[in-house]
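Visitor: These protein sequence lines map, in sequence, to chains Y and A. Numbering (this note's numbering) for the first sequence: 12 to 375. Numbering (this note's numbering) for the second sequence: 12 to 375.
Do not rely on the hints blindly, as some may be mistaken.
In this list, chains with the same sequence are indistinguishable; a pair is considered to hold if it fits within one copy or across any two.
[Unchecked claim] Here are the simulated lysine-lysine pairs, DSS-like style, with alpha carbons at most 25 Å apart:
| # | residue 1 | residue 2 |
| --- | --- | --- |
| 1 | 249 | 128 |
| 2 | 249 | 217 |
| 3 | 341 | 331 |
| 4 | 276 | 22 |
| 5 | 341 | 252 |
Derived by calculation from the structure, the hints in this document are not laboratory data.
Listed below, chain by chain, are the residues.
Protein chains: 2
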Amino acid sequence: MSKFYSRLALKAFPYTPGEQPSDKKYIKLNSNENPYPPSPSVGKAIQEEIHKLNLYSDPEATVLVKALAEYNNVNEENIFAGNGSDEVLAFAFAAFFAGKAILCPDITYNFYFTFAKYFESEFIEVPLQEDLSVNPNDYNWDNYKKFHPRSQFGGIVLPNPNAPSGIYMNLSEIEKIVRANPDGVVLIDEAYIDFGEETAASLIDKYDNLLIVQTFSKSRSLAGLRIGFAIGNAELIKGIKRMKDSYNSFTVDRLAMYGAVAAIKDDDYFVEMKNRIITTREMVTRKLQNLGFTLTNSKGSFIFMTHRDIPAIYLYEQLKQEGVLVRHYKQPRINNYLRVSIGSEEEMNIFCDIIEKLITEAKV
Amino acid sequence: MSKFYSRLALKAFPYTPGEQPSDKKYIKLNSNENPYPPSPSVGKAIQEEIHKLNLYSDPEATVLVKALAEYNNVNEENIFAGNGSDEVLAFAFAAFFAGKAILCPDITYNFYFTFAKYFESEFIEVPLQEDLSVNPNDYNWDNYKKFHPRSQFGGIVLPNPNAPSGIYMNLSEIEKIVRANPDGVVLIDEAYIDFGEETAASLIDKYDNLLIVQTFSKSRSLAGLRIGFAIGNAELIKGIKRMKDSYNSFTVDRLAMYGAVAAIKDDDYFVEMKNRIITTREMVTRKLQNLGFTLTNSKGSFIFMTHRDIPAIYLYEQLKQEGVLVRHYKQPRINNYLRVSIGSEEEMNIFCDIIEKLITEAKV
């Protein structure tokens, strides 16, 4: 590596997003993108801002913060909006976890490990249970500190539902973890919460150490617009803002800000689209179970599937040849699984047909 | 501050962008925004992408990188595109300056100091000359290292033209600095280069330690869209990418990516608009000189002015009362100056009329 690189650059562990090959047109079920376009009102709101693009947007994204506060029933001081939830997570790592120790599941969204490297956090892996679920009792710093006597505790990072399993923890389990760790920030990444489960946002008044992160990339069909946000105690939100203002004053551009507000206002569209995905997820789950697959109880916009007899890597490669991209992980414990995003009903019928064909061929 | 804050959050020195009061409608000459809207082709390009917002944009922003490479006569491996030049600067600090010592003018864009705090760089201030110009001979690490024996040299950060003076250094002066510091990265922030002066991008083939940063926020009328980019040796660009991919895979959203490409393609519009601003700058400069002001030889989209008899802070406050916002700095040496963005001809005529009135009143 270059002699000019800093220690951060040398130690970095860059994240690799889902592949985007351009050799042919694929059915893309590998990045958990929403198969449906955003609400038509998003486009209208964006068009109205185009002629004002010579002006900076509001560094506080006030109109968006206001809309998010109203929607989530909290005060404006409890909301931070950023460029996708990855950026919000980065600022949260900078604000609360830089140079400190954090607990995190061993199998989860890989970007947390990347952030830990970037912000020089000590990353302590907590193994998932045999069935890939989180055991709340495993997340208590008191049980770790004796093995890490010189570490300063930063907090806990947990997606709910978890990725790539999609398994959901209920609010009393979350609350147990938050209560057991009053000296650390418990960050719950709710990227997929809208697909059927309950957010922990209602708990932020009760606990000053709970931080919720959500995104517009999945349930709001706005992956290409880059909007994520955090909900938490005002002091935590202030900390995140300090880091944003130390880094880039305007990370949410003018079009994203007004587009996101329009998406929030069109609640009917939002509810209809997410219900459509939930319905498709349940339909696909039943079909795959009938074909002999085992699936985790996913509450996300994806399924996580494995087959007793047929290797996941084989299915992954065959699907790619047939023009369908899904995600396969090389990590131990989950290297015989595929994560498949829920596409449109039509796309998922094609996917199921190919899978059925592959299974039948393999049995012959 | 909160007990949860990390050492980065505790030591942070957040940047404050130009004020945006909402008590009444102002003529905003305080943020160096372009007074003209972007090229009409930008709007068209954006509209074509709206229905695809459910899909992530390309993490490499390939179409934009390609267009920038062509426009700047370099290879794609020499370009990095990010969310405004502030973000590009942040990644460059992370990649090359984190934990190292940097040289930087004492009077310049204040965000460099903020980045230094965020990335724990040692910030060594180099005083500007009496006339606020940069002396290239002052930028040689060999002359500093004896006073900083334990520091690791990261490089040099210099805007050209400098802010808020607008004073430009020619390429042979830049080259002198680059050649004198082969062990550090010389980062030239060319945010205002398009307003009449020559970029140092032609030197990147010759020097592996030269990094140029530019923005679409000023000359391309796209402050609200968030596009900045770096030009440099492939190894430097790789380093910046490592940091981006450790932080947020998609910082340039889909609309920004295609909008920026459209802006590059409409060169006629670009040339016409920047020439209009240069003409207005020269017109305003002459008027103010006639009113007894001293101005730096600004090559930016702003002027930097002081008056022998009338305090800058008085003018700032009177202008604000009259509905015109300009920028006043409390910093020693420049606290009797105002930085005034070049608005439209109409706005600048109003500005000059108010200034003339204030000067006349003050003399009575």
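Visitor: For every hint, state whether the structure bears it out.
Guide: Here is how each hint holds up against the structure:
no., hint, result
1, 249 - 128, "both (23 Å within a copy, 17 Å between copies)"
2, 249 - 217, "within (18 Å within a copy, 45 Å between copies)"
3, 341 - 331, "within (16 Å within a copy, 61 Å between copies)"
4, 276 - 22, "neither (43 Å within a copy, 39 Å between copies)"
5, 341 - 252, "between (36 Å within a copy, 24 Å between copies)"
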